[in-house]
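Asks: Using this note's numbering, the first residue of the sequence shown is number 35, and each one after it goes up by one.
Don't take every hint at face value.
[Unchecked claim] Once the Cα atoms are required to be at most 16 Å apart in a straight line, the calculated EDC-like pairs of lysine to aspartate or glutamate come out as:
id: 1; residue 1: K95; residue 2: D110
id: 2; residue 1: K320; residue 2: E356
id: 3; residue 1: K95; residue 2: D83
id: 4; residue 1: K95; residue 2: D130
id: 5; residue 1: K320; residue 2: E300
id: 6; residue 1: K320; residue 2: E367
id: 7; residue 1: K95; residue 2: D85
id: 8; residue 1: K95; residue 2: E61
[As the list claims (entries may be wrong)] The calculated label-pair distances, taken between Cβ atoms and stated as ranges, are:
id: 9; residue 1: V132; residue 2: A201; range: 50 to 58 Å
id: 10; residue 1: V81; residue 2: A359; range: 19 to 27 Å
id: 11; residue 1: A192; residue 2: G238; range: 50 to 58 Å
id: 12; residue 1: D186; residue 2: D130; range: 18 to 26 Å
id: 13; residue 1: R248; residue 2: E99; range: 20 to 28 Å
id: 14; residue 1: D130; residue 2: P334; range: 43 to 51 Å
id: 15; residue 1: P138; residue 2: P287; range: 30 to 38 Å
id: 16; residue 1: G114; residue 2: R248; range: 34 to 42 Å
id: 17; residue 1: A275; residue 2: P66; range: 14 to 22 Å
id: 18; residue 1: V81; residue 2: P350; range: 15 to 23 Å
To be clear, the hints were calculated from the coordinates, so they are not data collected in a lab.
On a predicted model such as this, the values are computed, not experimentally measured, just so you know.
Ideal placement from N, C-alpha and C gives every residue a C-beta, glycine not left out.
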Amino acid sequence: MRSPRERSSRSSPPTCRHALTVLPLAEGSTGPAITDVQERLAALGHVVDGDTPGVFGPSTKAAVEAFQRRRGLRIDGIVGSLTWDRLVEAGRVLGDRVLLMATPMPRGDDVAELQERLAALGFDPGRVDGIFGEATRAAVVSFQRDAGLVDDGIAGPATLLEVRRLAVRYPRSTLVNEVKERSGVRFSPGAVAGMTVAIGQAGGLEVVVEATARALRLRGAHAIVVRDVDESALAATANAAGAACLVVLRLDPGTSRSTALYFASERSQSPAGMLLAQHVAEATGKALALDHAVAGMTLPVLRETQMPAVVVEFGPLDRVVERTAQLAAAVVEALEGWTAPRA
């Protein structure tokens, strides 16, 4: 059990819950489910003080948007399934439950805190993504062995107590997982030849995706095309293929720029993903003769991949269609730049 000094400084989330049976919830919605959302937001510091409890008004919408922005989600002020899941996860505090491998895998801020603490102590849990997967279990086992505990991969009270004790005794700001990921790209061959590259297609850009795959194969890469509107399914396919990276191409008809998204949360980020995003955004922006940008987010496809991943969003449609060949070449150029040796 956590002592008062070890407890989070934020207020605990409400203990009474009303099950959400209808999603999405948006401005104008009313009922116990809205009260539940408002209480969860308040527990996380997003106080809804301008709306009546149980009424989804402008204040609730603003609080939802603030939560989405803070959590790296798409900002629309609507509580859909993804935002709801992240609200639930955000209420998890390390020590409130025993953490272990299960189906489905445990998710939450408690898992992310455990991963962050382990990584700071030099035990690599993989990405600090708040998902208790095999890499996190292996890090727990390694930690338990070093600490003289039963190495069962279960983060129970004894293990968490020792993690906290050592974290205070040996504070470290550098996370070993980020160092390893950064080094893994720095010492790569410097060419895409022989790499397994997953190109994601979530709808609307089939021609561009196929052209990119062909261009990669001509450079000697093993390019696989993964198609699914479900981001988790895209990530699972890329993981199963053992891809070195995943590049998802997505049309955004409402934009006139190229934006590359990579994994970044409040606690951690993917250094290799950020570097790949910078290369891809610059190259595709140049190919389209448009401005480019990069941004860190926690979209499912970025969070759930086991390799560096980016989602590239660009438009308008007519320019994308006209410059299909240039875009394909730009992605190859970006990947070659990403793997190039650096000092």
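Asks: Can the restraint linking K320 and E356 be considered satisfied, given a maximum Cα separation of 16 Å?
Replies: holds, 14 Å
Asks: Run the distance test for K95 versus D83: straight-line Cα separation, threshold 16 Å.
Replies: Between K95 and D83 the Cα gap is close to 11 Å, so the pair holds against 16 Å.
Asks: Would you say the C-beta atoms of V81 and P350 sit inside 15 to 23 Å of each other?
Replies: The hinted range 15 to 23 Å is violated for V81 and P350, with Cβ atoms some 40 Å apart.
Asks: Determine whether the Cβ-Cβ distance between A275 and P66 falls within the hinted range of 14 to 22 Å.
Replies: violated, 44 Å
Asks: Is the straight-line distance between the alpha-carbon of K95 and that of D130 16 Å or less?
Replies: violated, 29 Å
Asks: Lying within 50 to 58 Å: is that true of the beta-carbon distance A192 to G238?
Replies: Holds: the Cβ-Cβ distance is about 51 Å, inside 50 to 58 Å.
Asks: Straight-line Cα separation of K95 and D110 no greater than 16 Å?
Replies: holds, 9 Å
Asks: Does 30 to 38 Å hold as the CB distance between P138 and P287, or does it fail?
Replies: Holds, since P138 and P287 (Cβ atoms, about 34 Å apart) stay within the stated range.
Asks: Assuming the hint says 18 to 26 Å, is it satisfied by the Cβ distance from D186 to D130 or not?
Replies: At 20 Å between Cβs, range holds.
Asks: Given the hinted pair K95 and D85, is their alpha-carbon gap at most 16 Å?
Replies: Judged against 16 Å, a Cα distance of about 10 Å means the pair holds.
Asks: Return holds or violated for the Cβ distance of D130 and P334 against the range 43 to 51 Å.
Replies: violated, 24 Å
Asks: Under the criterion that the straight-line Cα-Cα distance not exceed 16 Å, is the pair K95, E61 satisfied?
Replies: With a Cα-Cα distance of about 6 Å, the restraint between K95 and E61 holds, given a limit of 16 Å.
Consistency note: the structure conflicts with the earlier hints numbered 4, 5, 9, 10, 13, 14, 17 and 18.
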